[in-house]
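> If you read the sequences in order, they're chains B and V. Counting from -18, one number per residue, gives the positions in the first sequence under our numbering. Counting from -18, one number per residue, gives the positions in the second sequence under our numbering.
If you're looking for bench data, these hints aren't it; they were derived computationally from the structure. Among these hints, one or two may not hold up.
All copies of an identical chain are treated as equivalent in the list; a pair is satisfied when it fits inside any one copy or across any two copies.
[As the list claims (entries may be wrong)] Below, computed lysine-lysine pairings styled on DSS-like, alpha-carbon distance capped at 30 Å:
| # | residue 1 | residue 2 |
| --- | --- | --- |
| 1 | K119 | K94 |
| 2 | K353 | K(-1) |
| 3 | K119 | K(-1) |
| 4 | K94 | K(-1) |
| 5 | K353 | K94 |
2 protein chains.
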Amino acid sequence: MVQLEQDGIGRRIIATIKEQIHSGAYRPGDRLPSTRAFAAEWGASRTTVTAAYSQLNAEGYLIISHGARAIVAPGLEKASVEAPPTSAQPRSLSAFARRLLALPPPAEAQPAKIADFRYGDLSGADFPVLAWRRASNKAILRRPARLRYGDPQGSSVLRNALQAYLWRARGISCTPDQIVIVNGSQQGLDLCARLLLDPGDPFVIENPGYLLARHAFVAAGGVALPIAVDADGLRTDSLPPARLAYVTPSHQFPLGGVLSATRRRSLLAWASATGAYLVEDDYDGEYRHDISPIPPLQALDADTVIYVGTLSKTLSPTLRLGYLVVPVSLRRAFSEAKRLTDRHAPMLEQDVLSDLLASGAYERHVRSIRRKNAERRDILLQALNDRLGTHVSVAGAETGLHVVAWMNGIDAEREPAIIAAAREAGLGLYPVSPLYDPGGPQPETAGFILGYAGLDGEALRRGVAVLATILAEHR
Amino acid sequence: MVQLEQDGIGRRIIATIKEQIHSGAYRPGDRLPSTRAFAAEWGASRTTVTAAYSQLNAEGYLIISHGARAIVAPGLEKASVEAPPTSAQPRSLSAFARRLLALPPPAEAQPAKIADFRYGDLSGADFPVLAWRRASNKAILRRPARLRYGDPQGSSVLRNALQAYLWRARGISCTPDQIVIVNGSQQGLDLCARLLLDPGDPFVIENPGYLLARHAFVAAGGVALPIAVDADGLRTDSLPPARLAYVTPSHQFPLGGVLSATRRRSLLAWASATGAYLVEDDYDGEYRHDISPIPPLQALDADTVIYVGTLSKTLSPTLRLGYLVVPVSLRRAFSEAKRLTDRHAPMLEQDVLSDLLASGAYERHVRSIRRKNAERRDILLQALNDRLGTHVSVAGAETGLHVVAWMNGIDAEREPAIIAAAREAGLGLYPVSPLYDPGGPQPETAGFILGYAGLDGEALRRGVAVLATILAEHR
């Protein structure tokens, strides 16, 4: 057997081919490139490649017959690829990357069998498959003469349709020029963080509040100033100076308060006085159950408020479609940042959404899914009342797609044990406590965020029944 | 007439309704909400709304009949909305935003009538409409039980399919875990900038080079170290220390050189010695005309190179689909950055692309579009030779979707006049000079980047004929 070259290229060829066989890129019976072609491709000598092939033949990976190209040996079905060594440390990372990696990693898990109360999930059955498919086929067939990069703020057809929709549905008055189509509200928050915060800049955030917003601002170097919320939303009586405040005035996440009119005024006055911007996340503004609609902050002061909207709660979180309404003075900054970040949002989805908005199909869908989610909510509240009665206090049920359930008489310290028992019993349960500022006071009572938009009535009832059993064991 | 409230809410209602009528959100004959509903929506008194409606009636915007809801007066067709005043200055912007807004704005224009040589455009006729539509309908109908946020690195099915494709097509050896699906290569470059550069950090960039890469690194605060390129790509004889180098080794953008094997080795040695990362933009690696394939840098050193791939040159720039292959040591940083930036790439497009890769349709399409673009290239080169002969020197024609045409004997200072005359004659022409570092030596001869992937044979021939006429007038 020919000796492999000292420089290791032969070893690298061997390792690579093995890996490609294990991973299924090459399957049993597949022909490898000729040694000549392989050598040219790798910039290696033909001797090295021949030696590597012989080695793999000797190890049983390849079969080499005289005069024919090497083939992958049978019996080498795709094996689970061993994870590459992760011990390697990066050479150097930016301060942004170091802040990012210091954030707590999110808990990921497969959906629980019986009922998963994860907030943010929607039911696949609610997606308007036919309307989407029809609009999508239309958009694909309407192929333009030239495929070229679009406007960083998004298609003008979509922004015109959204302008009209936002006026009708939310009382928002803006020009299409103030709208920026983003890849979901998370990108909107990240753009706010990049454009408005420098390392060391303070920002106001609701406590408890939405974690991924806080993380976006912290990763940008912002310093969180957590402010308590109550049943009327963010407490505005003693707001410290800051560069921006992140608020969820229509339905405080997670506790569900609606920011009172008085507090809206004092929040806007604070922003004017300190020169802060307000980032208004209207993440579930389409869902109002028992209360009359409240106009967004943006409608009161369009020069101060960056309004963040999303399609993740009405269509699907997997589409990654959202939008911003930005003050005129910030339009150019957002437009250029979107261009540099990823040019623009995907055009096909934008075309489909424009079509659904123009045909009225989107608003019909919203009415239908609002009704379905109101039913889910009623079933959940009824089940909680039937099974847990005074053992549970429910907050934030008037709007949105989730409630917070406080388990009266159960200490917050029992949350991990309850969650583990629930997972064991097929229940996905998510605590409120991680949404509180880690440096401040923590809730004393165990509390869970119950998202209901991904569950049908049967799952909701069974889920609450199982939950009641588990809680009884932990009381 | 009732006096409008002092606080201005009445004035704001009037302005908003006018604007919505001008913009077409309300059309002639449309009914406005009742004063009661409007007042509730805006948190205004009913008296204020009634007064505002009366004012609009007096001004001819609305028609109010006793007992009926106000309607928009006829004859008020959608007018061109006056641009809102842009004099307003932002309250405060981050250093990132200030650097971003100091970058030169891109030249935007509608495609020219006869032939637009803009680089990056593809022909709409080349998009695989039927295959995409079929895969898309399959993906939409395969609706999952729950719609939930996905893996920030992208769907595992797509990453598995890409891993196999990258090995077959580009000799890249990686695990699916090293792949990150991004919204086009621009997002990949922006993620590199954010994760690897701090303000003040030097980065090496090709001169001339790709502007949006340079801009992404400069906006992150990086300090550009422009290094000259020649026919063998980036000159590596005296690379200064830097945190990263951005390179296009397969086909230098824009001049078209292929990085020689010797320079590849010295670039990798430089990176090891200085601890720099290499960002390898393989933006048109699928298009090789006269030369044999060259394995990417990534295949030589997977711990040093971040490989950037795109679907913008084979499918469409409007899809916003690209991918990174990152060193194992950087995987977590890229994954978490993608999550915080926008959660993950849209799932529907990922499913469609997985399907096209798995069925072989994607590779069939690449073969077909490669053939079409080779034909376009031959027509362009032939036309340039026929019409301009020795008046033109063509560079970089061996690979890719563009050539650089230097206009021998025409001074670079004449570029703006030629471009204006070309636009007048229906030709879109784009100069090479803005791609040179503004602080260094500029080309002396007029040169243009001729992108040909968006044009058919007839447009290419006519375009070159018109160009020859214009050049004759400027010689």
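> Does each hint hold? Answer for all of them.
Consistency of the hints with the structure:
no., hint, verdict
1, K119 - K94, "between (38 Å within a copy, 26 Å between copies)"
2, K353 - K(-1), "neither (52 Å within a copy, 36 Å between copies)"
3, K119 - K(-1), "neither (45 Å within a copy, 34 Å between copies)"
4, K94 - K(-1), "neither (37 Å within a copy, 53 Å between copies)"
5, K353 - K94, "within (22 Å within a copy, 51 Å between copies)"
Hint compliance for this structure: hints 2, 3 and 4 are not met, and every other hint is.
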